[in-house]
Every structure is written in structure tokens, then in C-alpha cells.
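2 protein chains.
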Amino acid sequence: MSPKVTEEHKENRRLEIMRAAAEVFKRKGYDAVTMQDIIDETGMSRGGVYAYFGSKEELFWALLDQIDDSHAAGYAKLLDRYRNAWETIEHFLRYQEKEIGNTHRSLSPAIFEFFSSGWRDADRQPFLVGRYKRAVGDFARFLRAGVKRGDFRPLQEPEAIAQFVISFLDGLSVDVLLLGSEVCDYRAQLDSLRLYLHQVLQIAETSREDGGSQSTTGETP
Amino acid sequence: MSPKVTEEHKENRRLEIMRAAAEVFKRKGYDAVTMQDIIDETGMSRGGVYAYFGSKEELFWALLDQIDDSHAAGYAKLLDRYRNAWETIEHFLRYQEKEIGNTHRSLSPAIFEFFSSGWRDADRQPFLVGRYKRAVGDFARFLRAGVKRGDFRPLQEPEAIAQFVISFLDGLSVDVLLLGSEVCDYRAQLDSLRLYLHQVLQIAETSREDGGSQSTTGETP
DNA sequence: TTGAAAAACGACATCAGTGTCGTTTGTAAT
DNA sequence: ATTACAAACGACACTGATGTCGTTTTTCAA
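Protein chains in written order, with this note's numbering: chain A, 1 to 221; chain B, 1 to 221.
No lab work stands behind these hints, which were simulated from the structure alone.
Being a predicted model, the structure only gives us computed values, none of them experimental.
It cannot be assumed that every hint is accurate.
Any copy will do: because identical chains look the same in the list, a pair fits if it lies in one copy or spans two.
Said to hold, decoys possible - Computed list of lysine to any residue pairs in SDA-like fashion (alpha-carbon distance at most 20 Å, straight line):
| hint | residue 1 | residue 2 |
| --- | --- | --- |
| 1 | Lys10 | Arg131 |
| 2 | Lys10 | Tyr132 |
| 3 | Lys77 | Gly43 |
| 4 | Lys56 | Ala32 |
| 5 | Lys133 | Ala188 |
| 6 | Lys133 | Glu182 |
| 7 | Lys98 | Ala51 |
| 8 | Lys56 | Lys98 |
| 9 | Lys133 | Gln199 |
| 10 | Lys28 | Arg120 |
| 11 | Lys148 | Val5 |
| 12 | Lys28 | Asp123 |
| 13 | Lys77 | Ala140 |
| 14 | Lys28 | Ala122 |
| 15 | Lys56 | Asp31 |
| 16 | Lys133 | Val183 |
| 17 | Lys98 | His71 |
| 18 | Lys133 | Arg187 |
| 19 | Lys98 | Leu79 |
| 20 | Lys77 | Asp123 |
| 21 | Lys98 | Val147 |
Kindly produce the complete structure, drawing on both the sequences and the hints.
This is the structure:
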């Protein structure tokens, strides 16, 4: 008797299925993907895959959890423990630029599809709400820290600014996804966001050694 | 020989099917809706409905065109021919507030679903791009008019501001749709947008007889 | 080497939705 | 009233995806 394969081997198989699934989801989004697509990508058999994941949705949740774990940590770390307040914002914006620029090569389109066609589904909503509150919370905490240090003198409540920024970034992501990056010119828009933050936080014009590279979009005519 | 029913009757039937379809799309979104649902809602027969619309997608496009015609006109008119520049912005914001507040009772969720699950579809993209460019264009034109009159002294190019505003509004709509209006507090966020515009356009503090009701969100602490 | 049990396989039954098409019904001109 | 034709009907065949389950293969302990 006794088990016939090691626990590790099972875990590897599980991961291999998830890897294959991610590949397919990146290529085809969410709705258009069938279990058969994923099965084909793995090279395994129908029964084999079903032994690990009972449905496309179950598989997708596994991917979401995986992503979320790795992501949330990095995101929070980005905003914690900074040296120079404004520099952190620049850093944050550069990070967002990279993320958004990479949208269509990532799982984002599939994730977006998953939640937008499932927004009535009571099971899916909490995930998004959690993500949103976490993002807003992290950013607001960062702002409050900056206020305490005297780096920022915000014209609004940090919470309000944070919500505003997250909403804007959500919108920008959606627009890039649905319209393409050329149409909505996300780099210029991130410059606008930089300018907005610069103003609403009342940053002194000469922030450390950072020059005047804020406005690629043009000054007042 | 000669036709057996009047042209008008056929048009009415067409409209009735569209009305029924809109009802179903409002209730169930896009993907979850089947032709059968629509057929049931009309009270007609399968063949009857198919005689007018060959597929769910064809039907949805008909609805989109219908909406778009009525919408685009009103939107442009809102921003044209204003008396007081800032007042027009207030008006615009109030309009957006109403729109966003009504999101889940409108076709928006279905439209959103339609485009987000079909963003790879080359046929669907042009529609959204047109909508976006029109919105940005209208808003930018309004801003330029205000500049010419001396009402606005923008810190950025009007185009950039317009894009920023539209992206933000897109984000806000998405967030309201996916997270619910309580979570993302869209009224407060529209106040933030008002404050942003007030600053970026360098509106004098005392604009005509309008008092200081801009910031429900709180002043600098 | 053998054999027992788990893992992997893939054919199959099922299901939901689609679009068609032969039939029935209704209308208006004669 | 009759009739001829379009409109409306709804049963049906088809499709594509799903999840199951009896069979085969693999693995490891004895």
C-alpha cells in the first residue's frame, strides 16, 4: 500500500497546470478560454487536469491568490520605508508606468474580464473590494507619514487624495486595455498625475536635487 | 400580392424587441443573457425574433447605436454655449454624479461587459475609441473656449487636462460598478475632481456669486 | 519481480444554447 | 368570402463545452 507518488510531485503538477492556464488566459482572456484549451496547453489528459481543478473558475481563483500574495507585499513595500517623500512618489509613478505599459502581456485583461462579467457574483466582489481598500489604505498611510514628517502639506484629506489617485489609475488601466496605449497616451497622463500630486501636496518647487522634469506635457501657454 | 403588414408595424416590432432586450440586459448584463431570455421577455416566438435580429450581438449593437445617438448630442450640448465657465463645470460634474449614481440601473454594466470581454475583437474597439476621442475632444474644446475668454488659466495643455478628467471618470465608473457606490464614495471623489479642476484651471477664489461649497471633503488640516 | 493502489487517461453521456425550416396563422387585395 | 403571400411560430438538429467514470499505466513497497 502507501501513497504512490510524493506530495511534492503532486504540487509540481498543480503548479504546471496553473502555469499552463496562465499562459492561455494571457493569450485569450477569460471567457473565451475553455478547459480544453488549458488541457491542451498542459499536454495532459482531461481526467488528469480535472483531478486537480474542478473548473475554470477554481483554477482562476488559484491564479488570483498566487498573484495577489506576491503582489500585495511588493506594493506595500514600495510605499513603506522611504528616504525622500517625493522621490517615493516618482518611484511609485514609474512602477505604475511599467505595470500599465505591460498590461496586455499580463493576466490583467483576463482578470478584468473575470470581474467585469462577474460583478453580480457575490463571491467575486469581496476580492476586489479588498484589493481596492488595501491600495487606498497603503497610499493614504504613505501620505500621512509624509505629512507627519513635514514633506507634504496636502490640500485635502490624505484618504481623499488616495482614493482619487487609485480611481484615476484604475481608469487609466481600463482605457489602455480597451483603447490601446497609443490612443490614451498613458505616459502623458501619468505626467498629469505627477503634476496633480505635486500641487495637491504642495511640494516645494525645488525638491532636493531633482530637476524640472515633471512636465513633458507642457507648461502654461 | 403586395406586403401583408405595414412598414410601421414592422418597425414597431423591431423597437419592441429592442425594448425587451434592453430590459434583460439591464437585469443580467451581457454574457449571461441568452437569446431565449430575450425571446421570453418579448413574449414572441424564437423564429419571430430571429426574423429581426440574427444574434445577440447584432441586437446589442442596435441598442448601442440607439443610445449613442441620443447621448452624444446631449453631452456635447452640455459643454457648448455656456454663460459662466465655472458654473458649466459644476453643471458637468452634477451631470456625471447623476450618471454614475444611476450606473447599476442602466445598460452601463452590460455595455462594460460587452466591451471588456470583447476587447480583442477588432470590430468593437473603434466604437470605444470614437466615444473616448469625442469625450476628450468635447471637454478640451470647452476648456480652450474658456481660456480664450480669460476664464481659465490652465497649468497644463487643455488636451492633457481633458484626458486626465475622462480617465478619472472612467475609473470612477468602473469602481462604482465593480465595488459598489458605498465603497468608493463617488460623491466625495467628484468633489476631489472639482477641487482639482479649480486648481489646475487657476479659478479665482471668488467666482461670481458662488460661495465656498467646493470642499465637502475638508480643507487642509 | 510482483502486485496493489494511486494517478493519468480519454471516450462518453449530458447539457445549454443556437439557428433553421417546414408549418400555421393573419392580413389585405380581389 | 376567397385567396395568396408574408409574418409568426416552435420543434428540431446541431454544436461545443462540461464533468464523469471505467480502463490503463505508473509507481513504490514488499
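Status of the hints after comparison with the structure:
no.	hint	verdict
1	Lys10 <-> Arg131	neither (30 Å within a copy, 50 Å between copies)
2	Lys10 <-> Tyr132	neither (34 Å within a copy, 48 Å between copies)
3	Lys77 <-> Gly43	neither (38 Å within a copy, 58 Å between copies)
4	Lys56 <-> Ala32	both (11 Å within a copy, 16 Å between copies)
5	Lys133 <-> Ala188	between (27 Å within a copy, 16 Å between copies)
6	Lys133 <-> Glu182	between (30 Å within a copy, 12 Å between copies)
7	Lys98 <-> Ala51	neither (37 Å within a copy, 49 Å between copies)
8	Lys56 <-> Lys98	neither (29 Å within a copy, 38 Å between copies)
9	Lys133 <-> Gln199	neither (24 Å within a copy, 27 Å between copies)
10	Lys28 <-> Arg120	between (23 Å within a copy, 8 Å between copies)
11	Lys148 <-> Val5	neither (57 Å within a copy, 77 Å between copies)
12	Lys28 <-> Asp123	between (23 Å within a copy, 16 Å between copies)
13	Lys77 <-> Ala140	within (14 Å within a copy, 38 Å between copies)
14	Lys28 <-> Ala122	between (25 Å within a copy, 14 Å between copies)
15	Lys56 <-> Asp31	both (10 Å within a copy, 16 Å between copies)
16	Lys133 <-> Val183	between (29 Å within a copy, 8 Å between copies)
17	Lys98 <-> His71	within (14 Å within a copy, 35 Å between copies)
18	Lys133 <-> Arg187	between (25 Å within a copy, 17 Å between copies)
19	Lys98 <-> Leu79	within (16 Å within a copy, 35 Å between copies)
20	Lys77 <-> Asp123	neither (28 Å within a copy, 41 Å between copies)
21	Lys98 <-> Val147	neither (27 Å within a copy, 34 Å between copies)
Going down the numbered hints, you'll see the structure goes against 1, 2, 3, 7, 8, 9, 11, 20 and 21, while the others check out.
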